[in-house]
Amino acid sequence: MSKMSAISPTQLFAMIILFELGTALVVPIGLGAGTNAWLSILLAMPGGIILYILIVYFDKQYPTLILSGYIRKIVGAYIGWPISLLYLVFFIYNSARNLREAGDLLITSSYDQTPVVFIHAVMISAVIYVIHKGIKVLFRVGEIYILIMLSLGIISNIAVIFSGAIDIRNLLPILGEGWISTIRNAYPNIFMFPFGELICFTTILTHLKQKKIARKTGILAIIASTILLSMTHAIEVAVIGAGVYNRTTFPLFTVITTVELAEYLQRLDSFVILALIIGVFFKMTIYAYAASAIAADIFSFQEQRKLAYPVGVIIFLVSVLSAWSFPEHNNEGATVVNIVLPVLVAILVLLLFIHLIKKRFMTDRTI
Amino acid sequence: MKTSRPFIFLMLFSLLFLPGCWNSRELRDLAIVSGIGIDKVPDSNEYRVSLQIVNPNAVAGSKAGGGGQGMLPSIVYSSVDHTLFSAMRKTSQKVPRRLFYAHSQLFIIGETLAKEGINELFDMYERSHELRLNTSVVISRGIEAEALLNVLPPLQTTSAVAITNGLKVASDTWARSLDKDITDIVKSLSGSGEPIISGVRVVGDPNKGKKRSNLEQTPPLANLEVKGIAIFTDGKLTDWLEGKAARGAVWALNNMKSTIVNMNCDDKKEKISIEVIRSTTKLRTVMRNGKPVFLIQVKEEGNLSEALCPINPDKREVMVKLQKQLADETKKEIELAIKTTQQKKSDVFGFSTEMERTHPKEWKKMKKNWPVIYSQSEVEISVEAYIRRTGLRIKSYLKSGDG
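Line by line, the protein sequences give chains A and B. As numbered in the UniProt record's numbering, residues 1 to 367 make up the first sequence, in order. As numbered in the UniProt record's numbering, residues 1 to 403 make up the second sequence, in order.
These aren't lab readings, by the way, just hints derived from the structure by calculation.
Straight-line alpha carbon distances no greater than 20 Å define the calculated SDA-like cross-link-like pairs of lysine to any residue that follow:
1. A:K133 to B:P6
2. B:K367 to A:G243
3. B:K187 to A:I166
4. B:K367 to B:R288
Please work from the sequences and hints to get the whole structure.
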């Protein structure tokens, strides 16, 4: 399988950036971190890197297995199977969350007459298509879209900077609430969203072509995406101020609407909408792929591609049914970030300990 | 190939909605709103919302030199309701086209309404994706916002365009007004500061300004004028800054682009004109003996552009004296603005934000009582003025009377 679908380091690099930027670029992150959001993002980065190293370590120990495979190797099939199921459910749910976020933001920002169901249907059909085509195609698409995403970012940033809308003093006071609150915004909030979400890559690393540089590539990608995220959120706060930033549902959109360059370059809204659609597409596709991979593994299903349909349909239904309103959707997000994701990350850490103890124990016995 | 059948179906199905026709609106079915005016309905808690709608036929016709004869370039419709958004939508009953707000560039608040409070007016703007947050805001002085929209202005197609452009030009070159948008106002309303909004009034008879005949004579019977800056206390209009005080406020807010300062020439009053060409202002706060002290630091540069008396800028002392005069005049005007706002307990300059940024701990204690603290605080103004050029001549052709 891994020979069929080999991913190059460049593709991995591009995909991690797209995945990390995903929705984190457009929604306010850090639950009210305000002026210090950018600092909290930087502080959360080491956590993300450590988590990634952990994922790579597991992949090194079990090069042919994905998450659900080595969970069962480590704790046995009887405990491992339900735990894998837990990850499967979470991946499906979070893919649906991303879809819902995109749908709601698209409707509030521009498609006010279109029913949410149709926007979701269009997006999910693209996701189903790409998963059906296989992971190789997905990563190749990612390689192309990272360039589009970066050019959108560069043009928008230049427009924002030259429009003179940035007031650096909006970022003051730095550490007004002290280090502790800044760190508490980073852990667990920003550490979990978007860095904790990297647990999806437990199902992907096994397809890598050059495993030796997987760690280096991933860490570089995490650093690059952290810098981009931190910069974007700093610019957002510098333009609209912490007050508006904390109240808005879609800060990047609000920022871009204030841009007016020489009275003719304005309404760059479509750039932000594009960034939202591209980011969400890759993020939810990775989630959906991870879900289908785990499903294929734990249910011993031979053709993983075919799972694209059921997984896609479930994601579609969950995305519409999971919350009745956008505020409720956001509150659910807080639960995900504060409880669910930390538990899933903690399970990984626990697995590491069990694995290490077992390894020690086994080697002792062999000697 | 078996699997591709449902897939083909899916793709064909998405064709139904992919073309993006769901939100489609044809230009000929749209009524383009150029300006929005809000008034209070007397003795009730309802708003009158007036929408100025551009008549595309008349506008296109006038450019082509014919065609639109007899048509007015804009029409004002108004409706009354409890909320602004509802009143705007209610107007659809009267307008034969779909209202389209993305090009609306002006938001006018009636003076009577402003005196009762403007706190709640902007929620709609923040939530909506169609209304632009960089819409300019003005207050209609001594007249209803609706009446201001009704005036047919010379040289521009609609009064909303005339006011928006006029405000921009006046603020940039005369500096006795401020071009503030919705974002600025929401920022001050949601923080501890107060908003500051320019006024616009009608010169002449507003009733005659409604008619086409207004455009058929010069000077027009009614014209629009940007005048004065409104200051607010607790979201209610309490005073107007005029003339030099208004310019002082523009200076303190770091909005000074260019202006003309008249200064005394020995015993002749205000007979030397300096054109200020650039100016930057820094607001800082420091704590002294547990009390906040506000620092305003201005750095400006000007040219000598007119002297109605024989001065000799060749001499260094003359130039130094002019610089000092300019600095003193700037300082005086800023003091004037500060004094008025302190009397009204209205922190329009954003000292509260500055406190929050630089003294977060002290700010927490002062937050509740800020308007009073602001009114009693000490303000230190320092101005650095430079006059570097005197235009195409150095000496004046005027002969000095006494040598």
